[in-house]
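K.L.:
These protein sequence lines map, in sequence, to chains P and X.
Quick note: the first sequence uses the numbering used here, first residue 4, plus one each step.
Quick note: the second sequence uses the numbering used here, first residue 2, plus one each step.
Hints listed in this document are in silico derivations from the structure and should not be mistaken for laboratory results.
Glycine included, every Cβ here is placed at the ideal spot set by N, Cα and C.
Accuracy of the hints is not assured; some may be wrong.
Cβ-Cβ distance ranges computed for the label pairs, FRET-style [stated by the list, open to error]:
hint, chain 1, residue 1, chain 2, residue 2, range
1, P, GLY213, X, PRO25, 50 to 56 Å
2, X, ASP322, P, ARG392, 43 to 49 Å
3, P, ARG290, X, ASP213, 55 to 61 Å
4, P, GLU354, X, ASP101, 38 to 44 Å
EDC-like mimics (lysine to aspartate or glutamate), calculated; alpha carbons at most 20 Å apart, straight line [what the hints assert, rightly or not]:
hint, chain 1, residue 1, chain 2, residue 2
5, P, LYS53, P, ASP444
6, X, LYS54, X, GLU26
7, P, LYS266, X, GLU232
8, P, LYS266, X, GLU26
9, X, LYS149, P, ASP429
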Amino acid sequence: MLVDVRPTRRLRGSSPVDVSAALGPIVEALGQDTVDLSRLRVVCDWVQYKHNFRDVIDIRPIMGNASSEMGLEAAVDLRRCAGTDLSAATATALREFHHPGSADRTYLEPWTAGKDSCIWEFNSLYWQALGRWEEVSGKDYEQALPGGSSDGRNQDAARELILELFDTWDELARLSSLPEQLYVVELGVGNGGQAKTWLDEFRELALIRGVDYYQRLHYIMGDYSPHVLKLAQDAVAEHSGQVSSIVVDATDPTASLGFLRHKAFLVYISNVYDNLPTDEVASISGRTYRVEVRAYVPREGTLALAEMLSSSPDQVGAVVGKLLRLGPELLAEALLGQLPDVPSAVRFWQEAWSWLRLEERYVPLEGLDLYQICPSVTGEALRPILEDRGDLRMQVSNGAVASFVETLRLLHPYGRLHCHDLFVTDARRYDSHFCGPGKYDGSIVNWVNGALVQYIGNRRGFEVNYSPFRHREGTNITTLTAHVRE
Amino acid sequence: MTPLQGASPLPLLPTTVVGSYSVPEWLEGAKTDYYQRKISKHYLDDIHEVVTKAALKDQERAGIDVVSGGELTRDNDIDYLLVRLPGIDIPDTGKSNSYDYYDAVVRQQLPTSSRFPLSLTADYQLVRDNTDHPVKFSFTGPFSLSRKLRNEAYADSADLVRALAELLNAEAKRLVAAGATVLQLDEPLLCGYRDQVSTAIDGINTVVDGVDASWALHICYGNRYARPSWEGHYDFLFPAVMDAQVDQLVLEFARRGYEDLDLLARSGWDRGVGVGVIDVKSDEVETAETVARRIRRALRAVSPERMTINPDCGLRHLPGDVARAKLRAMAEGTAIVRSELSGVTPPSDTTAVREESAVSPEPVQEGVTQS
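Using the sequences and the accompanying hints, generate a full structural model.
P.N.:
Here you go:
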């Protein structure tokens, strides 16, 4: 048996975690079971997200070829061990493993790749129906952010970026190579707050500098939600002569912004990548695996949801599926007798989201080149990290990589990508930290595999750098900048 | 010599490539393994021979008239020469990826003697021995090489360019002695140094001096990682490039449009033009008719006798299937226009394309721009 205690920093300090108290009953319960202990891994994490997709103890099969099980992983959330009957929790998890169905879970999907799980449909629904969610929860999304506001509104950060841009344009103007239209793109515009801050600063700084850059500026706001774009347009109404808005899929920006290929001087993305679909891969004893997941609602959750519907538990799965297809407004119409109004449907949605869990299993990856991270990047890009780190589990950040790679295509030779997000900038962090997924209000958060993004950027001729976000203290936000390498 | 004369007899609008050919991910991996000491030089040489033969076969099957070895034995467009040049110091010869550039330094003035063979002849011979087609052999020009060197030896960087050019001149003579008839100098970095074209042209003229070959000069907007390194126009080349003692300019047009061809006409360039008709920075495969349309547009400014048909730049960054399809489209599109010019019905496989588009060939008028 191999025991991997990952949150090593928690073992020291004023209130260290009592690993032995946690592990004792778990190992004892495992010892009383029939599982092959020689092929068992016990992996202890500290899941910092209060709301997440895990139980205190999860049992995960490590598959071999032909769907046979080669080993087993017991995943432990150390943060929640205190106050839990770990022996009973372990026994329950093992029982479900040996006798699938015994825990009476409501499955919402078959086994699937992480990025294809229905949890991302929940995530999309949150952004599509954010207003409805906020009405019922009584707080804005921005209030849920650390610090209570988006870093995109930070004036100092905007000013710094704009002045760098002006310097570049001055130099190109000197060489008679500055195009007439100066394109700046923002992907994921939220409520337009960042765009407004940025454009206000831009206009003022251009005036001070005595240049006509504001008149030549074409600021393109991109978001996948027309509703969000409308709100953002309203926020920047006074700059309407300089602004266009366009529906953009962040994971495929060239599909709608192809006309900007090699033309954008700045692409700005804030807090988008951590919210895009991702797989996870793992290297275990020299073999590479993809983590497959299966979303479910545990029995207690099913009963609670059934009560909200005044129906039997076996209807819960179908209604959740209907919610994801229709959204809360149409669901309320469709189930008028059970969910009398939209707020009731939203409360059902919030309850389902809170109970949502993921079963996991490790499935062998037969050749990294056969695994597509995104359409233009194969799994070979994972090789340097996987070969360098021994046993490792990490996010692939498929959506983020797709967005990043396709965004690079938009950049002018002197352009840059500027991105604020949660990045794992050093793969060693995966050895000691839990990096998601967690639940953030009604959305998903995963730390972005910054080491992978950096490698992929380098292999496309870009210098990719990370630095802590300088304009707010105590934040986990990292600033990624990418520009063409000499 | 006239363009590609050394490769005659050739059809009107001969098709050729700029140089590099598609490098699969696994090949770059194998090359990187070599730099990380995981495979031997012998092993890598074997791989290079096989892939070069395959590249030649692909070009021949696509219908390319003048082929190249695809530069598949090179790690990138600079280092393959820097490691061979005498007097260049490369402190660390390991690489995390074969395509990365070395940190190379010239600490003292380079030797002027011609007794330092750079072994490009072996690369040429590998190509020559494996095809019956005419061969174009390309190598990087002295200006671009100089921009990738940390210069600690020359007070005037133009002197470094000249010194590099002299070494390349000696090698060019060896290539001709080995049988090369069509040589091409690539200056991939020149577009980023618009104020130094005269220096580059001086270097080019030193390289070609006394070398009995048909010379092409390729200048594009950059193709490192399939990205342009500059966005602008070819106006920066003129008038300095008029002094270049070369037979042909090989330029990038497909990605950016053909307006700059008119610039050539206006400037009085009356030598050969290699017209880029394939966008190498896009995976989208052109149709034969698209190629034909681009050639017709180019014929407004350049007579067919002076024109060679090629991609915008090397195919290095394109997937193999895309590179093959693009070359096929280029050959087929060229065949359409050849037929139009000669009044002969094109072969059946291109007739359908032609009838579908029903576009009349543009009239050919030397040096005249039509709107």
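K.L.:
Each hint needs a verdict: does it hold in this structure or not?
P.N.:
Tested hints:
no., hint, in the structure
1, P:GLY213 x X:PRO25: 50 to 56 Å, "holds, 52 Å"
2, X:ASP322 x P:ARG392: 43 to 49 Å, "violated, 33 Å"
3, P:ARG290 x X:ASP213: 55 to 61 Å, "holds, 60 Å"
4, P:GLU354 x X:ASP101: 38 to 44 Å, "violated, 53 Å"
5, P:LYS53 x P:ASP444, "holds, 10 Å"
6, X:LYS54 x X:GLU26, "holds, 18 Å"
7, P:LYS266 x X:GLU232, "holds, 9 Å"
8, P:LYS266 x X:GLU26, "violated, 28 Å"
9, X:LYS149 x P:ASP429, "violated, 30 Å"
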